[in-house]
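As they're listed, the protein sequences go chains R and W.
The numbering used here puts the first residue of the first sequence at 1, with every later residue one more than the last.
The numbering used here puts the first residue of the second sequence at 1, with every later residue one more than the last.
Derived from the structure by calculation, the hints contain no laboratory data.
Be a bit skeptical, because a hint or two may be false.
[As the list claims (entries may be wrong)] With beta-carbon atoms standing in for the labels, derived distance ranges:
no., chain 1, residue 1, chain 2, residue 2, range
1, R, S124, W, P44, 30 to 40 angstroms
2, R, H233, W, L45, 50 to 60 angstroms
3, R, S124, W, R43, 29 to 39 angstroms
4, R, D63, W, P44, 24 to 34 angstroms
5, R, A61, W, R43, 22 to 32 angstroms
6, W, A77, R, A462, 42 to 52 angstroms
7, R, G337, W, R71, 46 to 56 angstroms
8, W, P67, R, R565, 51 to 61 angstroms
A virtual CB, placed ideally from N, CA and C, is assigned to each residue, including glycine.
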Amino acid sequence: MNERGQISVPACALVLLLVLAGFLIGIMGGIDSAGANAQRAADMAALAAGQRLSGDPAAAAADLRVAADDAARDNGGRLVSLTQLTEDGLPSGVEVSVAVDGERPVRASARAWVEFAAAEPEGSFRPVDLHGLAGRAAVVAAAAAQVGWPYVWGGESRAEGGFDCSGLVDHAFAAAGASLPGRPTAADLWRMGRPVAAAALQPGDLVFVGTGGGAPHHVGIYVGDGTVLSAPHTGARVGYSPLAYGGWDGYASLLPAAPAALDDPVSAAARRSGVPGHVLAAELRMGLASDPDAAAAALARAQAAHPDSLAEALAAQLGSASAAALVLRDGGGAGVGLSGAVRLVPVPHAARDAEGDGEPLPAPLARAPGGRPAATSGPAGSSWSDDLGTALDAGGHTAEQLGERGRAVPLQAAAALQHLSRFGLTALGGLLPDPDWRDAVNLVGSIWDTYSAVRDLTAAAAAGGLGLSGVGLWAARLSVLGGALSTGLFAAQAYSARRSRDRVGYGLMAVGSAAATAGLMTAGGSLMAMGATTSVVPPVGVTLIAVGAGICVTGYLVRHPEWCRSAARIGATALDVAWRAQTAPVRAVATVVDVARSLAGSIPTPW
Amino acid sequence: MIGCAVLLALATVAVLEGLTIVRARITAERVADQAAVLVGEGRPLPASLRGAARIERRGDRIVVTVPLPVRLPALPAAAVVTATVPR
Numbered sequence: 001m002n003e004r005g006q007i008s009v010p011a012c013a014l015v016l017l018l019v020l021a022g023f024l025i026g027i028m029g030g031i032d033s034a035g036a037n038a039q040r041a042a043d044m045a046a047l048a049a050g051q052r053l054s055g056d057p058a059a060a061a062a063d064l065r066v067a068a069d070d071a072a073r074d075n076g077g078r079l080v081s082l083t084q085l086t087e088d089g090l091p092s093g094v095e096v097s098v099a100v101d102g103e104r105p106v107r108a109s110a111r112a113w114v115e116f117a118a119a120e121p122e123g124s125f126r127p128v129d130l131h132g133l134a135g136r137a138a139v140v141a142a143a144a145a146q147v148g149w150p151y152v153w154g155g156e157s158r159a160e161g162g163f164d165c166s167g168l169v170d171h172a173f174a175a176a177g178a179s180l181p182g183r184p185t186a187a188d189l190w191r192m193g194r195p196v197a198a199a200a201l202q203p204g205d206l207v208f209v210g211t212g213g214g215a216p217h218h219v220g221i222y223v224g225d226g227t228v229l230s231a232p233h234t235g236a237r238v239g240y241s242p243l244a245y246g247g248w249d250g251y252a253s254l255l256p257a258a259p260a261a262l263d264d265p266v267s268a269a270a271r272r273s274g275v276p277g278h279v280l281a282a283e284l285r286m287g288l289a290s291d292p293d294a295a296a297a298a299l300a301r302a303q304a305a306h307p308d309s310l311a312e313a314l315a316a317q318l319g320s321a322s323a324a325a326l327v328l329r330d331g332g333g334a335g336v337g338l339s340g341a342v343r344l345v346p347v348p349h350a351a352r353d354a355e356g357d358g359e360p361l362p363a364p365l366a367r368a369p370g371g372r373p374a375a376t377s378g379p380a381g382s383s384w385s386d387d388l389g390t391a392l393d394a395g396g397h398t399a400e401q402l403g404e405r406g407r408a409v410p411l412q413a414a415a416a417l418q419h420l421s422r423f424g425l426t427a428l429g430g431l432l433p434d435p436d437w438r439d440a441v442n443l444v445g446s447i448w449d450t451y452s453a454v455r456d457l458t459a460a461a462a463a464g465g466l467g468l469s470g471v472g473l474w475a476a477r478l479s480v481l482g483g484a485l486s487t488g489l490f491a492a493q494a495y496s497a498r499r500s501r502d503r504v505g506y507g508l509m510a511v512g513s514a515a516a517t518a519g520l521m522t523a524g525g526s527l528m529a530m531g532a533t534t535s536v537v538p539p540v541g542v543t544l545i546a547v548g549a550g551i552c553v554t555g556y557l558v559r560h561p562e563w564c565r566s567a568a569r570i571g572a573t574a575l576d577v578a579w580r581a582q583t584a585p586v587r588a589v590a591t592v593v594d595v596a597r598s599l600a601g602s603i604p605t606p607w
Numbered sequence: 001m002i003g004c005a006v007l008l009a010l011a012t013v014a015v016l017e018g019l020t021i022v023r024a025r026i027t028a029e030r031v032a033d034q035a036a037v038l039v040g041e042g043r044p045l046p047a048s049l050r051g052a053a054r055i056e057r058r059g060d061r062i063v064v065t066v067p068l069p070v071r072l073p074a075l076p077a078a079a080v081v082t083a084t085v086p087r
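Chain R extracted, bound-state conformation (with noise of 0.2 angstroms):
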């Protein structure tokens, strides 16, 4: 302090600079861990239930709450909600929002995109889940899922490549549950028959080619509608042909006599275009057809573009591998493999703001295109540039907390930050030397309250009133201490006052602050009660304050004329260089135009 009692220069740059301290302690208190938190216990909780949804496609909602319910809990968190994404009907990932409770409680949402993939045993042809059918039917349904198998003689084995003849017509029986004897070739099949006449073959009977000699070479599965399904020869596939044109030459049954099987129109449609009946049959039970005519002609196209890999047509049919392999699934049962890639993918925003009950969700952590949390930067350094590169980084880091997280996470920072840019500034109107400075300071103070009272109380009118806690319940409180100590002594000012206009002035900030106090205090009890955590200061309080920053702004202006003065010559100056910026033009148009004509009345005329 100097002579007159008041503080240096230097002390008064001490003051901002702990002032500066103290911003960024607030922020570093403020950035708590909960936003990452939570956001960590989001995604790991979206994770979990997509990886239990990978598993099985058709797993319980209740299921996947439960594990995304532990997987957030493992990281601090709660599951809020859980929604199971569909894509075209078929299930493709989960989205959850988590909380984690605290003070303010933060929300996070994490979206998991699921890519299924199915893998077909090893050691055995096309898995069919025959969906209950038995007997007749379940033989032929079984047979024409291997449509498309190319023939190998011998073969018996997925590892061999292919199916022979009776190669099929045993794994058919195999697969629906009427396992032959042995590894029965063609003419074993004939002998182990009971013949039966070409008019009265049922679906599931055996036709052959060669019985004159009682050993015949091919065998194929008469499936109905005058249709064979067979391994015919080297260079083909697996296949239907007329029974007309096949040179069948008898006909056998290994099945108990039954009626007539009734003959599907899904069956039929796949049997028209020459596809495998079981993934026809699932994609019209999964919804992913609706025409079994349509759906069986577009997979025929895509099986010939696609002669080698069931999967592969499918996934170019439907567009997507990961509906093929829930196809495959749907079609094959438990013998196809089930697995899915999970990967966490960026919420869409609306999906973000259409959430919860209103409670702010943060944005989730900065993140590069595809979902991924955005590279981290280098390990930390020690040289100078280092440290500013540190500095630097921490700056940016906390405005991208901050710009992302809005009122979420940041906003124990932000709350920080303004309360202790409010104090800083009443600190310097009460430590500033020059008593107009001091005056400028409180001005800008006290505007400042203007503005948030007025920008609250359209939140505070619409919620009920404006919600305190934390930081701003603290601010509140010591705001109430202040502003009683302050309405004292601008009263004292004011009855001491000797110029007319301070005392207008100092009595118009006595009042101005007894108002915002008062509206400080309409929160109630639980505003200066030490154990409460949260208070709500009523719309009318609110209003108060308003009124009451608004009066005291007021009062600076009445003790500070020539700041009004100021301020107006500025605004009129800042108008003119408008006006005079806009007319530019024109004006230089009408200069060049005079010089131009000035220019022509010089020219001497010879005549």
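Since the structure of chain R is already known, use the hints to place chain W on it.
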């Protein structure tokens, strides 16, 4: 004046140290988030991630440690964040 200078110096050191702690914490949070997501998705951790922090896998827990470049008494030596990946 000397007192003011000392206070200024102390305040500056405090601010820098505070920034360093904030930065280490933010880095640890980010690395933990990224590592947990990668492990949860069944992907390997890239070398660039390991270069930013020390990452340890303890069962289903991932512990990320970012050491502070400057160590002062009574202040933590590192920022440590733990994430739990789905089982």
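Structure versus earlier hints - violations, ascending order: none
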